[in-house]
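*Asks:* Build out the structure end to end from the sequences listed, making use of the hints.
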Amino acid sequence: MTGNLRSGSAVERQRSGTTRVLERRADGGALRRSVLPGGLRVVTEELPGSRSASVGLWVGVGSRDESAPQAGAAHYLEHLLFKGTSSRSATDIAEAADLVGGELNAFTAKEQTCYYAHMLDVDLPLAIDLVTDVVLNAVCALEHHELERGVVLDEIAMRDDDPEDVLHDEFATAILGDNPLGRPVLGSVGSIEAMSRSRLYGFYRRRYTVPRMVLAVAGNVTHSRVLRLARAAFGPLLAGDAEPVAPRGGILSAARGTRRRLVLSTADTEQAHLMLGVAAISRHDPRRFTLGVLNAALGGGMSSRLFQEIRERRGLAYSVYSSVAQYADTGNLSFYAGCHPERLAEVVSVLRTVLRSVAADGLTEAEIARGKGQLRGGLVLGLEDTSSRMVRIGKAELNYGAHLTVDEQLALIDAVTAEDVATLAADLLRRPVSGAIVGPYAHADDLPAELHEVIA
Numbered sequence: 006m007t008g009n010l011r012s013g014s015a016v017e018r019q020r021s022g023t024t025r026v027l028e029r030r031a032d033g034g035a036l037r038r039s040v041l042p043g044g045l046r047v048v049t050e051e052l053p054g055s056r057s058a059s060v061g062l063w064v065g066v067g068s069r070d071e072s073a074p075q076a077g078a079a080h081y082l083e084h085l086l087f088k089g090t091s092s093r094s095a096t097d098i099a100e101a102a103d104l105v106g107g108e109l110n111a112f113t114a115k116e117q118t119c120y121y122a123h124m125l126d127v128d129l130p131l132a133i134d135l136v137t138d139v140v141l142n143a144v145c146a147l148e149h150h151e152l153e154r155g156v157v158l159d160e161i162a163m164r165d166d167d168p169e170d171v172l173h174d175e176f177a178t179a180i181l182g183d184n185p186l187g188r189p190v191l192g193s194v195g196s197i198e199a200m201s202r203s204r205l206y207g208f209y210r211r212r213y214t215v216p217r218m219v220l221a222v223a224g225n226v227t228h229s230r231v232l233r234l235a236r237a238a239f240g241p242l243l244a245g246d247a248e249p250v251a252p253r254g255g256i257l258s259a260a261r262g263t264r265r266r267l268v269l270s271t272a273d274t275e276q277a278h279l280m281l282g283v284a285a286i287s288r289h290d291p292r293r294f295t296l297g298v299l300n301a302a303l304g305g306g307m308s309s310r311l312f313q314e315i316r317e318r319r320g321l322a323y324s325v326y327s328s329v330a331q332y333a334d335t336g337n338l339s340f341y342a343g344c345h346p347e348r349l350a351e352v353v354s355v356l357r358t359v360l361r362s363v364a365a366d367g368l369t370e371a372e373i374a375r376g377k378g379q380l381r382g383g384l385v386l387g388l389e390d391t392s393s394r395m396v397r398i399g400k401a402e403l404n405y406g407a408h409l410t411v412d413e414q415l416a417l418i419d420a421v422t423a424e425d426v427a428t429l430a431a432d433l434l435r436r437p438v439s440g441a442i443v444g445p446y447a448h449a450d451d452l453p454a455e456l457h458e459v460i461a
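When we follow the working numbering, the leftmost residue of the sequence shown carries the number 6, and every step to the right adds one.
It is possible that part of the hints are untrue.
Pairwise CB distance ranges (calculated) [stated by the list, open to error]: (1) G254 <-> S328: 22 to 32 Å; (2) P291 <-> E370: 17 to 27 Å; (3) G195 <-> V105: 34 to 44 Å; (4) D290 <-> R164: 45 to 55 Å; (5) R436 <-> R20: 35 to 45 Å; (6) F112 <-> A146: 18 to 28 Å; (7) M163 <-> S308: 26 to 36 Å; (8) Q313 <-> R29: 41 to 51 Å; (9) A99 <-> R56: 53 to 63 Å; (10) D432 <-> S328: 15 to 25 Å; (11) A374 <-> G240: 49 to 59 Å; (12) R20 <-> Q313: 26 to 36 Å.
Derived by calculation from the structure, the hints in this document are not laboratory data. Backbone N, C-alpha and C define an ideal beta-carbon position, used for all residues, glycine too.
*Replies:* Structural data, given as structure tokens:
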């Protein structure tokens, strides 16, 4: 499956001060992009039938932009920016959103951070004002820095209390090694305790620049009104000839020699939590829709091969699934199962048998049809609200600098063939396996031989 993905290795060439219509829909809605002076991109999706507006200010900065001493800085900063700006206190910020029944929040990922508001369409000016004020005008006072240090440490402790959350972080370390992508977004207790206000504030001022930002808005809005509000909010920052930062690409510089292929986290749990996986493809790879079908058919639902073999036919585990992580220059395909410790060996054996079978013979036409159906349903049903629409256009602009319409994406899913899936499965599922396990095991030697054989 090839197809024209229009993924874009750089922002589609568009002059500053211009607006393009990227899509027109039969319902009167449209997707538009403007590039403003200073390098700010503004993308809007007009949804005339909605009564809300979702605003996201995306910053192309995440945990992979941190050095080892800065580990957790992007997430720590996300907390700190809500503690007050030059014109609002933390209480003012919270009360302004609550007064109109709106939502104001943020999230940090490995390659981006998003500050967002979801409000009634009549409150669009407030939504843009709050989000931009938080990101552009934060004070980052020392007392707030110390206050949020404790909150972030509590969040790390809460993560440590959830075996599955720990497992995902440990698996990233196992498969990606000693580099920023392999470290937890939250950082570590040590890195957060050592994080000075000057280091965090320096990270903020160096990284949070206008060319790295995308203002994405979806809902009952007009592009022209969003532009007026954006110009007012950014003010003098919209000047000069800076161009938007191009989407990430390149090659992951991982310290492969220091990675551990199997990571054990000892915990007094009733279950053994297992994740095995292989290195996969980046989000720029044209086979990403093929990988989506493979993942859905392998472990994406109750009819998937892994769910049927491990849970339905043998009753070995309650929760079984597969998942895909894709970054600018790498990715992985992983498989999870939570089971009684005494059943771990059998779970590993069944998992290995399934993966070997799919690597050798691919998937059946019926499995591929179900995998495609899951992808189509997830794509379309996931766009039923303005928040998900905002996330879709914001990520597309930041990650690709280009936009595929829903119909184009559906066509690319439909174009995936059994041969495409078989070829990709034969490639990926024969790669070296990395793994992580959280459970009541004091030492790796206590783990079943079947697990060591898979990793070896």
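*Asks:* Quick check on a hinted range of 49 to 59 Å for A374 and G240, using CB atoms only.
*Replies:* With a Cβ separation near 53 Å, A374 and G240 satisfy 49 to 59 Å, so the hint holds.
*Asks:* Go ahead and decide if the range 53 to 63 Å is satisfied by the Cβ distance of A99 to R56.
*Replies:* violated, 23 Å
*Asks:* Should the hint that D432 and S328 are 15 to 25 Å apart at their CB atoms be regarded as holding?
*Replies:* For D432 and S328 the Cβ distance comes to about 18 Å; the hint holds.
*Asks:* Between R20 and Q313, is the Cβ distance one that fits in 26 to 36 Å?
*Replies:* violated, 54 Å
*Asks:* Quick one: are Q313 and R29 within 41 to 51 Å, going by C-beta?
*Replies:* This hint holds: roughly 43 Å between Cβ atoms.
*Asks:* Quick one: are D290 and R164 within 45 to 55 Å, going by C-beta?
*Replies:* violated, 30 Å
*Asks:* For P291 and E370, compare the CB-CB distance with the range 17 to 27 Å and indicate the outcome.
*Replies:* holds, 22 Å
*Asks:* A range of 22 to 32 Å was offered for this pair. Does it hold for the Cβ distance of G254 and S328?
*Replies:* Once the Cβ atoms are compared, 23 Å apart, the range 22 to 32 Å for S328 and G254 holds.
*Asks:* Return holds or violated for the Cβ distance of M163 and S308 against the range 26 to 36 Å.
*Replies:* 34 Å Cβ-Cβ, so the 26 to 36 Å window holds.
*Asks:* Range first: 35 to 45 Å. Now tell me if the beta carbons of R436 and R20 are that far apart.
*Replies:* holds, 43 Å
*Asks:* For the pair F112 and A146, does the Cβ-Cβ distance stay inside 18 to 28 Å?
*Replies:* holds, 23 Å
*Asks:* Look at the Cβ atoms of G195 and V105 and judge whether their distance stays inside 34 to 44 Å.
*Replies:* holds, 41 Å
Violation of the numbered hints given earlier is confined to hints 4, 9 and 12; the remaining hints are satisfied by the structure.
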